[in-house]
Amino acid sequence: MQFAKYIGRKVLWYLAALIVALLLNFILPRLVPGNPVDAIVSNMSRGGGATGEQMKAVYNNYMQQFGLDKPMWEQFLIYLSNLAHGNLGTSFAQYPASVNKLVGQALPWSIAIQLPAILVGWIVGNLLGAVAAFRGGWFDRGAFVGSLFASSMPYYCLAILLLYIVGVKLGVLPISGAYSFGLSPEPTLAFFGDAITYWWLPFWSLVIVFVGGQAVGMRSMSIYELGADYVNYGRGLGLRDNRIVRYIFRNAMLPQVTGLALSIGGIVGGALITELVFSYPGIGTTLFNAISQNDYPVIQAITLIITVAVLAANFLVEIAYGLIDPRIRAAQTGDR
Amino acid sequence: MTRLLEATHLTAAYQTGGVEVRAVDDVSVHIDEGEVLGVAGESGCGKSTLGAILSLTARAPLYVESGTLVIDGQSQDLAVGSRIPRTWRGSVVSLLPQGAMNSISPTLRVRTLVYDVMRAHNARISKNEALDRARDRLKELELPVRVLDAYPHQLSGGMKQRVVTIISTLLNPRLLIADEPTSALDVSSQKALIDMLKQMLEQKIMSGVVFVTHDLPVLRTVSDRIAVMYAGKIAEIGPAEEIATGPKHPYSAALLNSVLVPEPAFRKKRVRGIPGSPPNLANPPAGCRFHPRCGLVMPDCRTKEPPHVGDELTFSACFWSAQHPGEAVPADKAVPRHIDDPTELDLPAAGATPAHAATTEGANA
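Protein sequences, first through last, are from chains A and B. All the letters of the first sequence, read from the start, carry residue numbers 1 to 336 under full-length UniProt numbering. All the letters of the second sequence, read from the start, carry residue numbers 1 to 365 under full-length UniProt numbering.
Don't take every hint at face value.
As the list claims (entries may be wrong) - Listed next, the stretches of chain B that the computed footprint assigns to chain A, with coverage defined by at least 3 CB atoms under 8 Å from CB atoms of chain A:
(1) 48-61
(2) 81-91
(3) 116-129
What the hints assert, rightly or not - Just some of the chain A residues that point at chain B, by a computed CB distance under 8 Å:
(4) Leu237
(5) Arg240
(6) Ile324
(7) Asp325
(8) Pro326
Worth flagging that the hints you see were computed from the coordinates, not collected in a lab. Glycine residues also receive a C-beta, built at the ideal position from the N, C-alpha and C atoms.
This is chain B alone, in the form it adopts within the complex (with noise of 0.2 Å):
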């Protein structure tokens, strides 16, 4: 496989009323042509800031403090300050918003959206080719034609996600940034929104795709590999597969295991949250930032930096997996067992969703 793109040192952060708050901290990513790189996470984990940062539309209060993306070979600083070409935007790299929302003006018809990025990207195309093109698509992916004609209110919340990720992918961009476009959606407008993605990897409308959400079985369909962040940092990255069956980074352990995936064998699984709240990231507890809330918690966790173990496409950063290399964390182990925290309760079964498991009083002991 050859690589698609290599975005090191990504450092972000937002800065509103003197206060600095460091969303993403020195996170290298990677991914191969034709691959679909899942990013999970918390809230406030610094995920869709990440998919702004790679989508090129970072701007205040967030500021890039540092990074470089390289793609296709072509490199190119991404720090406050250096010129980037308005060009790439929509061309090299894209963004799918969610866009069930207001993506698209509600004065506009979408086709005049459509030839304004193909006009934005090459002033001499008329107004009859760039609709041209628009409409190839869409009949290709099976939508009908008209929807041009419509403006957004006229469109239904998963059309206007498909026509929102049309409308993305028209100039054919290298890497398309999908922030949470599934997050608004019912399941079945997600499956087809997913199924298009697919189908538009496989035509080779786009090489490679970010796909950010916190959906973690949305993104265990979708993904090749998934990146798991937390409080700005990639905790684990991997396979898809081996990050939902073997884990092991104990955070992305502790998440896995705060959501119920409707498979058999999660019957008689334990469903937990995770103790304790993500930090604030304008002030970051030193060494690994998962320490305070991990159950497999050593000395070295409290002081340095975690090590990457494995290479740059699939790793985990932690000390635990240091001293088990390849080995899975024990899910049971991820977060400490406290008497006093309510979170920790066996389900009998199926029925019950992890936000009763977060709220209601359990009787565990």
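Just chain A, same shape as in the assembly (with noise of 0.2 Å):
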């Protein structure tokens, strides 16, 4: 009824969004001074052999099979239809490998690493901010302290630090790529063993950094609620203290929710830089190689996949935001 009717709106917004970010997202790399089949041209010239005229044929075949002699609305619209059939086109710089493949091979290395770091650190975080805030004292100071610093340090620095005393001077864990050398990846037991080590060092330098930032917000959110006057009422009517707790966790919870779902919106292109210290053949990498080769429908996928994510994850945000409080979701339906 109501909801569902406000749930409809929402979708229609959100295709709305959708639609300006596909364009953008299609016309932006265009902007880019160079064009990739010059790139392509210029590279296999270097070699030597072949004449003006051959390489002109070249060049030709090139921007035709890219489509990229057409006017820019048809290239749209091309691109569009493609997409309508789950294509995401062509790459220029792997011709003649798919879109679709390169992606597909990266994507489940970015997630093998980003979503276990982001739930397991927005539980521990959420968890060690509202204990923080409850207990007070040297416990609350110490993690204060500890999540703030954690926090606030660039990613990437706390990844080169472990990376070179965990991988580098102790030699425990390996330093670079996701499986060994000579290995394909394969539902195996003995590859999961290997991968797995590789697997640790990226996993922790973004787990101690989300785990800080959950935890700061959390405890900022339960000291206030802690003074509320429902929870001296629940005192005095004999409630126990983890039913309290429970109240406190839920109103405390609502920015966290947020949080939570964004950084999930974010996994695609969250920790490109973590990707790139590691060597991990994550979306970051591809996402990174593509720029450097002007490669237009790998980032033009990718930047969708983005897109498409972050939308995804606010539209969540915003039908768990109703579900949890109620303040909300009257704002929201019309209806006091």
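Starting from two chains that each stand alone, build the complex the way the hints lay out.
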């Protein structure tokens, strides 16, 4: 009824935002000076042996292949129709590899580090913050200063530190890549055991920073809620402490839920530098390479995925907010 | 009348940054079955702190240093470190806060809180039983049952306060500690709440009420006895009408003199403030704490603790009343008359409020 109508209206808004994002997504890489075909052709001609006439033919052939000879609006329509068929195009730089395949190879690695890092970081961080606020004293001071330090440190600094200390100095864990040379990704226990040693360092470098940020936020929200009237009243009614903490948690959690959803939305591009530091074959590394090679279809595909993920996360936040906080639900549906 | 509650030697202090502020200092309160005890006083006199001690909700930075609560023959030490059973709160004594604000968590439906409260005292109660109890209460008191399904933001201030009152009394507490429940309400909601409390007392839902407020006219209508607090001590305690018409402590006389009551007898009355301000409780004056502002001060007041004149239900802690037993304090002598004191002035008739009286530069000499 009211709520369904509200969701319907939101869906329309998000669709409009998606279309605008698609348009920008299409135009922006094409505004970058230089043409990918120029790069390919000049690479080929470096070897010598080809005449100007042949180069011209190769150039025209590529322009046709990629559809770059057509006017911009037509390219956009082709792009849209390909998208509708789930086809992200062909990579320019790694021709003739399809973008679907490139992204499909990279995405699982990014999700494998970030999703656990975000979930673990969110849960641990919020518990730490709430407990620190509740306990007070030295525990609170230690947790607060530690969290503040962790959250204000740029995450690539932590990544480099971890890489240097654990990987290089101690030599406990491998320093780059996602699995040992000579293995290929397959669902076996042996491969998993190998890959997980490569997984720990990027995972920790993300978790520590994330825990810090969540704990700092949760702590201040909880301290604010601890002073609320309903806490005192609950005690006056003889409620158990854990019941009251649950009330506090629910109220203090609101801003944290936004943080969680937005981080999940940012998974795709969120750890670009971390992936580069550890040479992890995730989406961040793929994006970085694509940008340096002017590989429009790959850049577009990745930014498209980022856009969709962020939009979807925002949408879910709005729904979740309505479910958690009745005041927001009332404002959303216009019902008091 | 049987005795409901005896709270003796209550002492509690706020400890902040090395400073100890003793907000309630060796106070004893006795309440009879079926009685409403009003607690009055200026801001910072310790009346809300007394409410927190009696409702067993004192928490840091407030520490109870000593005190014993005897209720229904059960005795409970209140000092820090003593284990107060959790279930006493809510079922033996219950707190009724100023509920118009945030007394119910904003993300909680009223029925969830009702169930949580019932469950906290009886682990085996089912959700339906708990809600039936609340539904019956609401019907008895002629309130709409649908408030149970509401979130607090959907209720008006007056309704929220009545709902909170029902939740506070769900478990039929022996004593209800009402801390300024009417303060944020308009006059008609105040009346509705007071009528409801009286109805609940008649139905013996609770057996006694401690009603804390700074609103003297409300206090006069609601209480059987009134305790007037000053600087952490009880200055005077006695039947409401006696305090209102013939106070035996200079402070109660001065306090009553600073308020207008819309009754014919008050038409020609002088309204005046009390010169000076309440003492800093981190360092209270020696002897009687009111002596620096008292119009009837005598040498003993400055050094010695004033005697309690009367019995434990009705007394005045004052040297003047010790010398004038049974006499009311002459209203015009309760506070000193200083020429340079701008707070003293004559009010022509009704129309002005005490707030004006305290701020207007007056022409009285």
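These are the hints, each one checked on the structure:
1. 48-61: holds (count 4)
2. 81-91: holds (count 6)
3. 116-129: holds (count 4)
4. Leu237: holds (4 Å)
5. Arg240: Hint on Arg240(A): holds, closest Cβ of chain B at ~6 Å, below 8 Å.
6. Ile324: Interface hint status for Ile324(A): holds (6 Å vs cutoff 8 Å).
7. Asp325: holds (6 Å)
8. Pro326: Holds. Min distance 4 Å.
Of the hints listed earlier, there is not a single one the structure fails to meet.
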